[in-house]
Amino acid sequence: MDCHKAERFLLRSLDGKLDPEEKTLLQTHLEKCPSCQKKDREYRIILSLVRPQTVPEPLPYFKERLLAKLKEKDKTAPALLWVKWAHRAVALSLAAFLLFGAGILFFRPEEPREVSQTERFLLQDENPLGEAASILDQNKAEDRSMMLIFASVGDKDMPRRYRP
Amino acid sequence: MDEKELIRRSQAGDGEAFGVLVERYKGKVFSLAYGFTRDRVAADDLAQEVFIKAYVSQSKFQAKSEFGTWLYRVAVNHIKDYLRKNKRRMKEIPLEKAGDRALASSDLGPEEQRLREVEREIVQAALARLPEKYRVILTLRDIDGLSYEDISGILKLSPGTVDSRLHRARRKLREKLTGRLGRQGGEYGLS
Chain A
79 MDCHKAERFL LRSLDGKLDP EEKTLLQTHL EKCPSCQKKD REYRIILSLV RPQTVPEPLP
139 YFKERLLAKL KEKDKTAPAL LWVKWAHRAV ALSLAAFLLF GAGILFFRPE EPREVSQTER
199 FLLQDENPLG EAASILDQNK AEDRSMMLIF ASVGDKDMPR RYRP
Chain B
759 MDEKELIRRS QAGDGEAFGV LVERYKGKVF SLAYGFTRDR VAADDLAQEV FIKAYVSQSK
819 FQAKSEFGTW LYRVAVNHIK DYLRKNKRRM KEIPLEKAGD RALASSDLGP EEQRLREVER
879 EIVQAALARL PEKYRVILTL RDIDGLSYED ISGILKLSPG TVDSRLHRAR RKLREKLTGR
939 LGRQGGEYGL S
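Line order of the protein sequences matches chains A and B. Position in the first sequence (first residue = 1) + 78 = the working numbering. Position in the second sequence (first residue = 1) + 758 = the working numbering.
Where hints are given, some of them may not hold.
Computed list of chain A residues with no C-beta within reach of chain B, every gap over 10 angstroms [what the hints assert, rightly or not]:
| id | residue |
| --- | --- |
| 1 | Met79 |
| 2 | Lys83 |
| 3 | Pro98 |
| 4 | Leu103 |
| 5 | Gln115 |
| 6 | Leu170 |
| 7 | Leu176 |
| 8 | Phe184 |
| 9 | Val193 |
| 10 | Ser212 |
| 11 | Ala229 |
Stretches of chain A that chain B covers, calculated by requiring three or more beta carbons in the stretch to come under 8 angstroms of a beta carbon on chain B [unchecked claim]:
| id | region |
| --- | --- |
| 12 | 84 to 97 |
| 13 | 129 to 136 |
| 14 | 141 to 154 |
Since the hints were derived computationally from the structure, they do not count as laboratory data. Ideal Cβ positions, reconstructed from N, Cα and C, are used throughout, including at glycine.
For reference, chain A alone in the conformation it holds in the complex (with noise of 0.2 angstroms):
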């Protein structure tokens, strides 16, 4: 057996938790290490000096001075509560302005989208289908492309579009 083992060993018997056989193979080690025998020593002072020398009983009337305590208590329970309750309703306040704020930032709609000339000329149109039936009605495949391109364009001066 090494040292480290016969450390190992030493600190379990101090809590008397050696078989027969390993105490008698730590006692073997023990009678040829001076080293460990050291060890051994001074787990057992120390041991022996950790423990307070007595323990002082508690202050007297220790039942009496905690029920009083807590008939105390039970009587500010309520407050309490009430302050308790009080709190976590600041907290969700404020959480739900919070979150209101948020999907304000993060939901807030789309400005209004600048309309195209074509859009502007079809909505000022009185009657955006009638231009649609001219277009169709042209008789050249030329015209009607041409016609489809300028409205696509959406001149916005209206005597230079094209007109067949």
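Dock chain B against chain A, hints included.
Leaving out everything else, chain B in the frame of chain A:
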């Protein structure tokens, strides 16, 4: 009266039943607090606070563990909080100065008893300087004498962890004390 019945009554609001439980456990809770503070008044205050906490949270106690184990857990957690909060306020006695008080005291009687007290104070100072987890486990096992199983239940650690942590704590304490006790004139001369 049966403890389970006392607990049931106490949980139902019977103050007298809680009083009986206090009578049964006040010594153990006080002794645990005294093991950490070595001050009668501070230990008394701590024990009172532990019972108040236990009273307020007794509805959380379920009969999965022993009442004593649960109460010890409440006590250990409360004392740990106290030690953390008062770390700066509580003066740790430097190991070099530990024992001075006992040496200066004239009412200790015979020389041997006086030296023993000096050594006890040195060990106490070294214990107070250990990391909290080692201090707690040493107090539960080596001062209060609780079993591994009880410590395992109180600290919610596996028995294997209790074993290894306790051994590490004892090693650390011995390392801190090497050369100290002998220097203060102790008869054992740890060096």
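Legend entry - methionine 79 of chain A non-interfacial with respect to chain B [C-beta, more than 10 angstroms]: holds, 17 angstroms
Inset, instruction - Test coverage of the region 84 to 97 of chain A by chain B using CB-CB distances below 8 angstroms; three residues minimum. - result: The restraint on the region 84 to 97 of chain A holds, since 6 of its residues have a Cβ under 8 angstroms from chain B and three suffice.
Legend entry - Given as non-interface: serine 212 of chain A, partner chain B, CB spacing beyond 10 angstroms: holds, 84 angstroms
Legend entry - Interface-negative label, proline 98 of chain A against chain B, beta-carbon threshold 10 angstroms: For proline 98 of chain A, whose nearest Cβ neighbour in chain B is about 20 angstroms away, the distance exceeds 10 angstroms, so it holds.
Inset, instruction - Find the nearest Cβ of chain B to the Cβ of leucine 176 of chain A and say whether that gap is larger than 10 angstroms. - result: holds, 32 angstroms
Inset, instruction - Examine each Cβ of chain B, and state whether all of them lie more than 10 angstroms from the Cβ of alanine 229 of chain A. - result: Since the minimum Cβ distance to chain B is about 77 angstroms, alanine 229 of chain A lies beyond 10 angstroms and the statement holds.
Inset, instruction - Beyond 10 angstroms from every chain B Cβ: check whether that's true for leucine 170 of chain A. - result: With a cut-off of 10 angstroms, leucine 170 of chain A remains clear of chain B, as the shortest Cβ separation is near 24 angstroms.
Legend entry - phenylalanine 184 of chain A non-interfacial with respect to chain B [C-beta, more than 10 angstroms]: holds, 41 angstroms
Inset, instruction - With 10 angstroms as the threshold, tell me whether valine 193 of chain A passes as away from chain B on beta-carbon distances. - result: holds, 66 angstroms
Inset, instruction - May I ask you to check that leucine 103 of chain A keeps its beta-carbon over 10 angstroms from the closest beta-carbon of chain B? - result: holds, 18 angstroms
Inset, instruction - Three residues minimum, CB to CB under 8 angstroms: does the region 129 to 136 of chain A make the cut for coverage by chain B? Let me know. - result: Since three or more residues must qualify, the claim that chain B covers the region 129 to 136 of chain A holds, with 7 doing so at under 8 angstroms.
Legend entry - Coverage claim, chain B over the region 141 to 154 of chain A, checked by counting residues with Cβ within 8 angstroms (three needed): It holds: at least three residues are needed, and the region 141 to 154 of chain A offers 8 whose Cβ sits within less than 8 angstroms of chain B.
In this structure, every one of the numbered hints holds.
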